[in-house]
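Student: Got chain C; can you put chain Z on it based on the hints?
Chains as they are written, first to last, in full-length UniProt numbering: chain C, 1 to 272; chain Z, 1 to 389.
Possibly wrong hints are sitting among the right ones.
[As the list claims (entries may be wrong)] If you want the ones that stay clear, here's a sample from chain C, every Cβ over 12 Å from chain Z, calculated: (1) VAL23; (2) GLN107; (3) LYS110; (4) ALA124; (5) MET125; (6) ASP147; (7) LEU179; (8) LEU180; (9) ARG207.
[Unchecked claim] Label pairs and their in silico Cβ distance ranges: (10) Z:GLU4 to C:GLU116: 44 to 54 Å; (11) Z:ASP355 to C:GLU150: 44 to 54 Å; (12) Z:LYS226 to C:GLU262: 52 to 62 Å; (13) C:GLU262 to Z:SER70: 48 to 58 Å; (14) Z:ASP355 to C:ASN24: 55 to 65 Å; (15) Z:PRO305 to C:CYS168: 26 to 36 Å.
[Unchecked claim] Cβ-to-Cβ under 8 Å is the rule here; a few derived chain C residues that face chain Z: (16) TYR69; (17) SER73; (18) TYR76; (19) ILE81; (20) THR82; (21) THR85; (22) GLU116; (23) LEU234; (24) GLU235; (25) ILE238.
Source of the hints: derived by calculation from the structure; they are not laboratory data.
For glycine and all other residues, C-beta sits at the position ideal for the given N, C-alpha and C.
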Amino acid sequence: MSKINAFAGVDVGSLGTKAVILVNGEIAGSSLIRTGINSVENGLESLEKALDSANLKKEDLKYIVGTGYGRISAPYANKTITEITCHAKGAHYLHPATRTIIDMGGQDCKAIRVDEEGNVVDFAMNDKCAAGTGRFLEVMANVFKVDISELGPLALKATQVLPVSSTCTVFAESETVSLLARGEKPEDIIIGVHHAIANRIKGLFSRVGIQSDVFFSGGVAKNTGMRKALEEVLEVRIANPKNDPQLVGAIGAAVSAQKLYEKGGNVNQRSA
Amino acid sequence: MSLETLVKISEAVGRRPEELARARNQGQKVVGWLGYNIPEELIHALGLIPVRLGTGGDGKLVEVGSRYISSKNCVYTRNLVGLFAENTDPYIQNSDLIALDSTCLQLYRVGEIIHYYFNINTLTLGVPRNFFLPEAKKYFQAELEEFAGKLEGFAGKKLDAKSLSESIKLFNGIREKIKNIYKFQSEDSPVITWSEVYNVVHAGYYLDREQYSAYLSELLQELEEKHRNRNIDIEEEEARVLLAGSSIPPGDNKIIKIIEDLGGRIVGDDLWTGILPYLGIDIQESSIKGLADAYLKRVPHGALPYLDLNTDKRLQNLRESIKSNNARGIIYYTLRYCDPYTFKAGETKDVVKQDDVTLLEIHTEYAGSDFEAIRTRVGAFLEMLRSGI
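Chain C on its own, in the form it takes in the complex (with noise of 0.2 Å):
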């Protein structure tokens, strides 16, 4: 067993792949890669990619937690957690303060409550459609012929927020082709589409109440457009991320390997 106080995170979503290594409790190394069509080996590319980033091997980690939608298919982690207490746990090691969650991954949307310690105490997940998801920007991206890490910087360009009514990926760009033809402003339009997003994740917040500190972790959250969007229409702060948010599961996947491994967890714990 190497000496080495080494722990893995690995949370395969469902368009990026996230891996972490935590040493002596900080961050030592970290890889994202585009999620394929085999969980498995993509888990295990991305595994590999931050231990080489951390000049570590794989017999110096100690323990490895899987998780995101990959994890059912995850044998090389000792045991799976679900995304959202691993959210939970990240975004409470990178912002201790943080009390309540914005989530917005590849495939869903989740609202998570968290209490001092970083345990979850309630939680609302959207994944009924892919409105307010990755998927749906990649989309609008699209329409608008720019990669989608534009799309921030454009939205934040904008002098008006046109209002978008559809959060229905297949009518919201349906709308958005009706608003570009009237001769409407790109940005305006942007903006009103990261709007409708917004109030949509508004409903979930009213399932689980919201408190500061707000964090903004997934992949969505590297998107600022986005971030004052929903800092408008929640009318909260956003906390600023120290970090890569798009790494946070991954990150809460890793401290909860040390965890487990400090107290004695082994292969056959029960997963998620």
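Tutor: Just chain Z now, kept in the frame of chain C:
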């Protein structure tokens, strides 16, 4: 299945369709019923064979049902209509009359649909929307008298006080035994699981009621003995969950399977396909009035409105059930377009919060497309209850 009586019950259920067909050939009549407020005592006292109908969890039948009833009706009712349309269910095939009550208005519509499209002989019992007004009691008694009169006509005999009294005694016994069996499943290191008890309840939909009562006595005896001699092994951080919400009829195993696969322990339910029909019924006199009064005093069905959360017997019962079963969380299962239970999810969550109990609503239908999403929610909920990470 380590309990011998459970094996016997399961085998008896397997034989039941044939038994019913034989009984009908010998001139007996079967009343299949759907709903919550049909007094089985009345059917039984008239020498008719009561069978509680309804299965769920079949996406294909939902599609078939949607050809006859709006797709904005709940999946259970669409599944039911599909069941009548396909006509392969042995209990539907063996029913001479379908009795329904108007507690759930969607179910009430099912009665109209199956009569209109499939020419099925139906009989409906009207149920008041408010159980507490004197006018409501009068109305339900009159409805039940009319219902009984029509059943008498169908049975070809008059209801007599002695038969009714004997039937009431039989059904009181069944209710008492079911309640006692439920107590065993929530014990530490239980000798019977909630799922097994749930299957026993569902066996009671079909079996001959005298035979069923005898099986319940036998099961209780076996449980008492096994319970006395069991090894107690208390699991730390056990995620004890109470199931509540819309109906979970035989065949709808999705949520139960997910909870149990993830290591959650169901320790009770608040379902009208579970323990609820057996609670709070005290028939004071062997008469239609006695039945009507007693049925109105039961834990009400969630489809009925109420005006005051603090006096809502349904919520009071839920809170008592949380305590008596030592549940740490509620999984509140709602079916798509089952509006009454869906609307009540939020307020139920607020009410049980007073007891430091958290509630997770799972809103779903019978298709399997949301299986993994539900698995994630339930998994996170169980992790939350265990607080072990």
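Student: If you check each hint against the structure, which ones fail?
Tutor: Checked against the structure, the hints that fail are numbers 2, 3, 4, 5, 9, 12, 14, 17, 18, 22, 23, 24, 25, while the rest are satisfied.
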